[in-house]
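Novice: Take the two lone chains and join them into the complex the hints point to.
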Amino acid sequence: MKSSFLCKIIQMGENKKEKTMYRFYNLVFLLYFFPFLLVFLLVEIFFKTSFAKLLLFSLVSFSLLLVSYFILRKMIKEWFIEPFISVYLPVKEFLKTKSLIKPIEPKGPIEVREILSDFNRLMLELQAYRAFRIDKIVDENNKAKALADIVPDAAILADENNRVIYFNERAKILLNIRRDKEQRIPDCVGEEHFYKVLSEIFEAKKKSDFFELDLDMGDKGKKSYLLISKLFNISSLKKNGIAVVIRDITKDKEFEAAKDDFFHMITHDMRAPISTIEGYCSMIERKIQKTEEIEKYFQKVFYSSKKLKGMVEDTLNYRKLKEKKAILNLAINQACEIIEKVVDEHMPAASARNIKISVECEKNTAIFVDANLIERAISNLIGNAVKFTPSFGNIWLKFWQDDKYWFFSVKDDGPGITEDRKNMVFEKYISYDDNNNRGFGLGLALCKMVAEVHKGEISVKSNPGKGSEFFISISKNLSGDKNEKNTDN
Amino acid sequence: MKKILIIDDNEEFKEFIRDYFSSIGYDIVLCGNAKDGVSAAVREKPDLIFLDVMMPEKTGIEIIREFQEYEEIKKVPVIVLTGTYLESNMKEIFSIEPNCRAFLAKTVDISLLEKKVFELIGK
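The listed protein sequences correspond, in order, to chains A and B. Okay, so the first sequence: first residue is 1 according to the working numbering, each after it adds one. Okay, so the second sequence: first residue is 1001 according to the working numbering, each after it adds one.
Excised from the complex, chain B in its bound form (with noise of 0.2 Å):
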């Protein structure tokens, strides 16, 4: 089964995504902030990581560069999500990162978001 690591500190989108996920076939591991994330990143070895943005000590943008310094996850397809507006700029600044292959709403469609996936890593 691939392996999808969420880092986010909604607790609610974390369950919902589990639960999403893992009932079509996906194994999920939760992490709700930073540093447990990077560490966790490292440990699992996850396919795909779902990261958040906004994350209470280290921005979106720390993190998914510090993946980077790892040769273990600094393959990984990152996609990023954002609960709140879409800043004009934060696309861009995300889409330069080589590891970050989508930037997206928290609020999209279900089904859009595992298309992604699916494109992604595959079943």
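Next up, chain A with everything else stripped away, as it sits in the complex (with noise of 0.2 Å):
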């Protein structure tokens, strides 16, 4: 503003000291007129004009000059210079200070009066725009906040240099995120356990991965935790950051061991009472006369008591399986005879609908397995297929081996397992009937657990209503275990 020789013109200045000096200048401006009206008026003499005309021509064309000066001066302040400064400053106000303080007075001319009214509109909404947008964010992230603090699982972000970016109310808790320290995971968690864990997590730097983990917190007593990690990106990052979500499970563990607990408890004490039932259905056998049906009754009872002994026995040897109480009772067995005893005894059940069991087998094939075990497991893979294959159905046994692994497999064409349910069939606690109803059912839950601890895997293939094909796989790389413990004989 200051150096615009217009702006010295005008005598325009942005205080009174500068107006003031502006006047000079227009003043000294003013005055280089005279010589030049001297210069004139000699020109004129010499060229022998009647000096009152020279006079007064030179008068008028002066005050002519002077007032179009004036004139000239006074319109471009007017209409040019003052409507673009008192557009200018505002918006530079605005620029800075992201406010219009007052709305710009419409003047001038009435094309730029226009301007400055559009102009104080277009600034207006930007202003509530901008205050707009701002309370919003600020809405979302306090709405988020207080979201996350309410959660009772920690979580934590951080960014991909390991900079903690945010964390929740319960993380601060559980992880005794320390201010003082530099804001970077592991060295801000005060609590010892977990900065531990969390310096393997984030060396490791593993995609979205979970665990759990089991810490003996001291004083606190023994807690479970799930542990929860994932790879996120955001526009402030340049590369991925890690989520973490810390969840603690002690009370879910011990419902769970409450309910093993249970099981167990009522399964333990069913053990004698089905035995002695066996046995004296076993001695009413020989001792009477039988007809066919009498025959088959029998049959009946022994097959149902046979069955409630494996469910038992099951129940018992899932649980010791799992707290790896159970060491392998491995020994030599015949897999061809394991198959035809299990085979043997659904017979009954299956021709009674006129299922049809057909096995193939390798004859003479050593296999090396705790036989009682691998029995339950195939023959709760029997017993699932002849209850769900319709009547007149069919039931395959395989038998087979390669260099690493002998292979059982029991396929039926019964109903099949829709794809939801594969992912679930192997639970625990988890069986479907026809009817869609969930049943108490540990019997694939232990086949899994057979074929994980002969270091194998239990799958299934199938679709409905085209059957279904259980696979278990065994090692044949079992490091032989010499000590014996009974699975349940």
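Be careful, since some hints might not be right.
Claimed, not checked - Straight-line C-alpha distance at most 16 Å; calculated EDC-like pairs for lysine to aspartate or glutamate:
#1 A/363 / A/340
#2 A/287 / B/1092
#3 A/356 / A/375
#4 A/306 / B/1109
#5 A/322 / A/248
#6 A/307 / B/1109
#7 A/422 / A/375
#8 B/1045 / B/1057
#9 A/196 / A/212
#10 A/428 / A/260
#11 A/309 / B/1109
#12 A/341 / B/1109
#13 A/223 / A/254
#14 A/223 / A/153
#15 A/220 / A/248
Since the hints were made in silico from the structure, they are not lab data. Note that the structure is predicted; figures quoted are calculated from it, not measured.
Specialist: Set out below in structure tokens:
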């Protein structure tokens, strides 16, 4: 503003001192006319015109010049400079402070006035929008924070350099996050147990992962936590950050343990009575004269009692295996004999509904397994197959091997299993019957346990309407445990 | 007839074994405690002994060792039975004893028990 020549001419300055100075400049500028007037007069004298005419002419032209100068100056000032400045200053202020203190007074020619009032409207809208956006952002942030702080799980976000971006209230308490230390994980974690664990996780930089932690928290007792970590990205990060959620699952585990204890307690006491029933039935069978009908009745009694015994055994074994209290009773057994024994058990029930069971087994193949467990596993699979296969259906049993594993498979042409159920079918305490009712089912969970304990796997191939095939693989390379501990014989 | 002595404090189980094995042609003698057990063994001279692991006054291992002190009965085969959990070491401990021929759970298939008995002493 100061340096503009135009401003000096129209005497526009930022303060009184400047204005006075510019007035002075203007005066000086005007005085420059007199020498020119003198020169003009002299020229006229030399070219011999009447002095009076000359004087009049020069006075008039000088006055005209003076007047037009003032008019021009006023015009420029009022119509261009002032409107321009009145727009320029507020805009500059607005951009600096991001707010419009007061609207600009529209003045000057109509076009300028229109521009100014449009400008006012524009600035006001921009200001309102800005305020709204910021309020909205703050609101959203507060909403998220309110939720995050009420959630009982600890949550932390860290950037690609392990610097903490965010942690919720629970994380602060659980991990004892220290503000004095640099906000990097795991350095800022005050709780020693979590310090160790988080160091490992952040070191490994694993992708989405979750695992359980059992920590002895000293005076706080033994607690279990579920840790879930996941990579994430937001625009302010160059590379992926890590989000970690920690959930206290101590109660959940206690509950599950209580459930297991409960079942164990019940089933343990069932064993003796079942044996007694079986035993006395055997004795009755031997003593009486059997008709075909009575023979059939006995078959059903024995089948049921065996099934019941199997369920009890599975429950007890499952727990022993899970707690790793059972050491396998590994021995050399004939694969085909095991299969035949199990098939024989289920034959009556199968034939009753005209279900055909076919066996494909490499003869004279010895396998090194815990016979009792393998029998239970195969029995469960065949039992399920018989249960779910409709009358006149088929069940196929196969045994084969490759250089690393022995394989058993049980295939049926029953209704098959839907995709979503396939994932859950090996879970504990889940079983489905024809009417889609969930039942107490440990069978497949036990099969899974048996496979895993033999360093193998269980899997199922199935499609609705196309039957199912269950596969159990057993590793040939079981480090021979010399210890023997009976699973329930 | 072959004679079997049962030493067990569980009444139900004793009766069950007696009923079953007598129905298949064995002579059964029952005994409810450790002290009587040893004297019954000496007196009756059975061909086989069923011994319960957990007895009130003496443990099964003590009893089975006591059998070995008597000339008449130290050669008698003993089948050790347990109604509770099979402890990991128990089987080993009993298996060391020369007169212990089997270590089984009481809930094992009765036909299996029958087979074992037949293996050891015949009919």
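Novice: Run every hint past the structure and note whether it holds.
Specialist: Going down the list of hints, with the structure as the test:
1. A/363 / A/340: This hinted pair holds, its Cα atoms lying about 11 Å apart.
2. A/287 / B/1092: 38 Å, violated
3. A/356 / A/375: 20 Å, violated
4. A/306 / B/1109: Holds, because 9 Å separates the two Cα atoms, which is no more than 16 Å.
5. A/322 / A/248: Violated, at about 22 Å.
6. A/307 / B/1109: The hint holds at about 13 Å.
7. A/422 / A/375: 23 Å, violated
8. B/1045 / B/1057: Roughly 23 Å between the alpha carbons, so the hint for residue 1045 of chain B and residue 1057 of chain B is violated.
9. A/196 / A/212: 14 Å, holds
10. A/428 / A/260: 10 Å, holds
11. A/309 / B/1109: 10 Å, holds
12. A/341 / B/1109: 14 Å, holds
13. A/223 / A/254: 10 Å, holds
14. A/223 / A/153: Holds - the C-alpha atoms of residue 153 of chain A and residue 223 of chain A are around 14 Å apart, at most 16 Å.
15. A/220 / A/248: 13 Å, holds
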